[in-house]
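Trainee: Here is how the chains run, residue by residue.
Protein chains: 2
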Amino acid sequence: MPQKVRIALDAMGGDHGPSVVVPGAEISLTRHPDSEFILYGDRAKIDPLLAAHPRLQASAKLVHTDVAVRMEDKPSQALRNGRWKSSMWLAIDAVKKGEADVAISAGNTGALMAMAKFNLRTMAGISRPAIAALWPTTRGESIVLDLGASIGADADHLVDLAVMGSAMARVLFDLDRPTVGLLNVGVEEVKGLEPVREAGKILREGQFAHLDYFGFVEGDDIGKGTVDVVVTEGFSGNIALKAAEGTARQFADYLKAAMMRTWRSRLGYLLARPAFHMLREKLDPRKSNGGVFVGLNGVVIKSHGGTDPEGYAAAIDMGYDMVRYGLLGKISETLHRHADATAQSKALGGAAS
Amino acid sequence: MPQKVRIALDAMGGDHGPSVVVPGAEISLTRHPDSEFILYGDRAKIDPLLAAHPRLQASAKLVHTDVAVRMEDKPSQALRNGRWKSSMWLAIDAVKKGEADVAISAGNTGALMAMAKFNLRTMAGISRPAIAALWPTTRGESIVLDLGASIGADADHLVDLAVMGSAMARVLFDLDRPTVGLLNVGVEEVKGLEPVREAGKILREGQFAHLDYFGFVEGDDIGKGTVDVVVTEGFSGNIALKAAEGTARQFADYLKAAMMRTWRSRLGYLLARPAFHMLREKLDPRKSNGGVFVGLNGVVIKSHGGTDPEGYAAAIDMGYDMVRYGLLGKISETLHRHADATAQSKALGGAAS
Chain A
721 MPQKVRIALD AMGGDHGPSV VVPGAEISLT RHPDSEFILY GDRAKIDPLL AAHPRLQASA
781 KLVHTDVAVR MEDKPSQALR NGRWKSSMWL AIDAVKKGEA DVAISAGNTG ALMAMAKFNL
841 RTMAGISRPA IAALWPTTRG ESIVLDLGAS IGADADHLVD LAVMGSAMAR VLFDLDRPTV
901 GLLNVGVEEV KGLEPVREAG KILREGQFAH LDYFGFVEGD DIGKGTVDVV VTEGFSGNIA
961 LKAAEGTARQ FADYLKAAMM RTWRSRLGYL LARPAFHMLR EKLDPRKSNG GVFVGLNGVV
1021 IKSHGGTDPE GYAAAIDMGY DMVRYGLLGK ISETLHRHAD ATAQSKALGG AAS
Chain V
721 MPQKVRIALD AMGGDHGPSV VVPGAEISLT RHPDSEFILY GDRAKIDPLL AAHPRLQASA
781 KLVHTDVAVR MEDKPSQALR NGRWKSSMWL AIDAVKKGEA DVAISAGNTG ALMAMAKFNL
841 RTMAGISRPA IAALWPTTRG ESIVLDLGAS IGADADHLVD LAVMGSAMAR VLFDLDRPTV
901 GLLNVGVEEV KGLEPVREAG KILREGQFAH LDYFGFVEGD DIGKGTVDVV VTEGFSGNIA
961 LKAAEGTARQ FADYLKAAMM RTWRSRLGYL LARPAFHMLR EKLDPRKSNG GVFVGLNGVV
1021 IKSHGGTDPE GYAAAIDMGY DMVRYGLLGK ISETLHRHAD ATAQSKALGG AAS
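Protein sequence lines correspond, in order, to chains A and V. The first sequence lines up with residues 721 to 1073 when you count with the numbering used here. The second sequence lines up with residues 721 to 1073 when you count with the numbering used here.
Same shape as in the complex, but just chain A (with noise of 0.2 Å):
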């Protein structure tokens, strides 16, 4: 049996805290009972819900901390207020440290961002660390990349997210070559930013062994699940998720408005309801609830601040995977091999001149 995969939890994050964290982990250590659990936070609040919980108990350590970062604290005072010291620091430092091999918070992104990114730093290689997160297709799920760690992009940038991207797909479909493709706009010549156009070059014309590169994808490709990955820089990929999110919503709400308005339509929900269930069950946003931090030197999943317990437990998850199937070493995998071609391609390039 292969070692446990070792979970470091901030307690306090989100906006229920404990309450949605502990029962969320005991969700999630029923599927996956070679995990084990460090939660920092606030020994009073927590301990009384690990005493509910004891099968979760018997594989968490608790590390006590009076610090919590709060969910309007902006980054820089995160960083100032909590830094040695939050629960959501402590879990960073843990992966840091060796003590775990992933931590998950529901606190505020930018904050879980700049945390991580001041305690982990970014991989050899990698300049920039990104948000990527799974977006339901009508093919089944898709990576999408990035979703609002950095603005603007250069193409070594969107190439390194195709790296990162590529690799997630690995670990989370079980494919050997996934299908990568540049989110662009689709208007001849125009062809959006320069950088998304080189960027395209040199996967088109790059060695990259574990990446298979499709070309220009536009935004409604996202949702047919026309690639397996989705590459775009921060600033588009959080409006286009944020845009999809909001649509969805728009949707469910006419739909139910509709669904209620007369009897006759009351009466077809009642006898359609398993109908319905299912569809709320195939859109439920819990299930793809955790944005995976790529590019740092362990790996942080950030869970919806608002979710419940099945959405956190989707989050550790989704960290689990992660851990499990090896994110890291195949994003330096594939760096490693292009970084080679690279340079062995210049050099023969060198020689010919």
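Think of the hints as simulated: they come from the structure by calculation, not from any bench. Keep in mind that the hints are not guaranteed to be accurate.
What the hints assert, rightly or not - A few chain A positions that, by computed beta-carbon distances, are all more than 10 Å from chain V:
hint : residue
1    : Q723
2    : R775
3    : H784
4    : T785
5    : D973
6    : D1028
7    : E1030
8    : G1046
9    : L1048
10   : E1053
Unchecked claim - Some, not all, of what chain V presents toward chain A, calculated at C-beta under 10 Å:
hint : residue
11   : M843
12   : S847
13   : D973
14   : R986
15   : L987
16   : L1003
Claimed, not checked - Which stretches of chain A does chain V cover? Using the computed rule of at least three CB atoms under 8 Å from a CB of chain V, they are:
hint : region
17   : 727–741
18   : 810–822
19   : 950–961
Note that the coordinates shown come from a computational prediction; the quantities given were computed from them, not determined experimentally. Where is the CB? At the ideal position from N, CA and C, for every residue including glycine.
With chain A's structure known, arrange chain V on it following the hints.
Mentor: Positioned in the frame of chain A, the structure of chain V alone reads:
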């Protein structure tokens, strides 16, 4: 009775050409009997259709041309082969020459924008045109621009977009001071691109009599209808639009599949049919068909290429409204007031220092 609205139609544009354009114009004419049309295209194809629509025939003139821009033509190809003579060019040229008030085409967007820019030129005070469209929201409808006319934007261009979008909102929503939001990402302190922040400052501090600056909005605010006008540069605007369209289609597909799975859900579907019908009406993309090219010396409307007569009629209606309620005048008015105010405040600043 005011003057008629004179509408130039590229009868050959779109996937279906005159077989959609002619009946579409007939539908719009019944709604706006004070319209008259000039159709540009192949007489042999259009004449029989006009004969079958005598009402339209009485209000329409036909100008024959053999040349049509193809859907797959690149903008440069379209300009090379279609300038001076294609149905698309001639429709735009009618606006240029003052023979029509607005041109409508379902032809390809890149070619249409290239020709419109080349022939009509941008308005005094505007450096680049944009594409604006209606976006259905929970509260009604909002205007979003730029949807892909140009890529990237400096602060001044974003301010121009705010001015043009709010003029369009005044026309369509009959508001005196529409609210305007700048699309941004929510991560604190990063807070998006420098030009977006700078544009926010200009809009907050500027003297805009016909625009109420709200602040930054995020991707999910579009569908919520948080503001009347959402401003962003063309790359992210195009991606947001297509991501939202993709999500709506995905949702509809899921719903359909769920409803057809069991006899119970089918029966429920039958009972709730009017509700589903209402939902479809509400989300009907044909009703918000019509991208408005703003910032040019003339109004040009882009219809979806694959639309049906009902959708094409909606694009004509949009053009009609823009002319009848004075879009161009409203843009100039806001621009000039702003320019005067800026000059004045600069003069005052100069005097004070």
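Trainee: Look at each hint and say if it fits the structure.
Mentor: Verification of the supplied hints:
| no. | hint | result |
| --- | --- | --- |
| 1 | Q723 | holds (35 Å) |
| 2 | R775 | holds (35 Å) |
| 3 | H784 | holds (28 Å) |
| 4 | T785 | holds (23 Å) |
| 5 | D973 | violated (6 Å) |
| 6 | D1028 | holds (20 Å) |
| 7 | E1030 | holds (20 Å) |
| 8 | G1046 | holds (29 Å) |
| 9 | L1048 | holds (24 Å) |
| 10 | E1053 | holds (30 Å) |
| 11 | M843 | violated (21 Å) |
| 12 | S847 | violated (16 Å) |
| 13 | D973 | holds (6 Å) |
| 14 | R986 | holds (8 Å) |
| 15 | L987 | holds (5 Å) |
| 16 | L1003 | holds (7 Å) |
| 17 | 727–741 | violated (count 0) |
| 18 | 810–822 | violated (count 0) |
| 19 | 950–961 | holds (count 8) |
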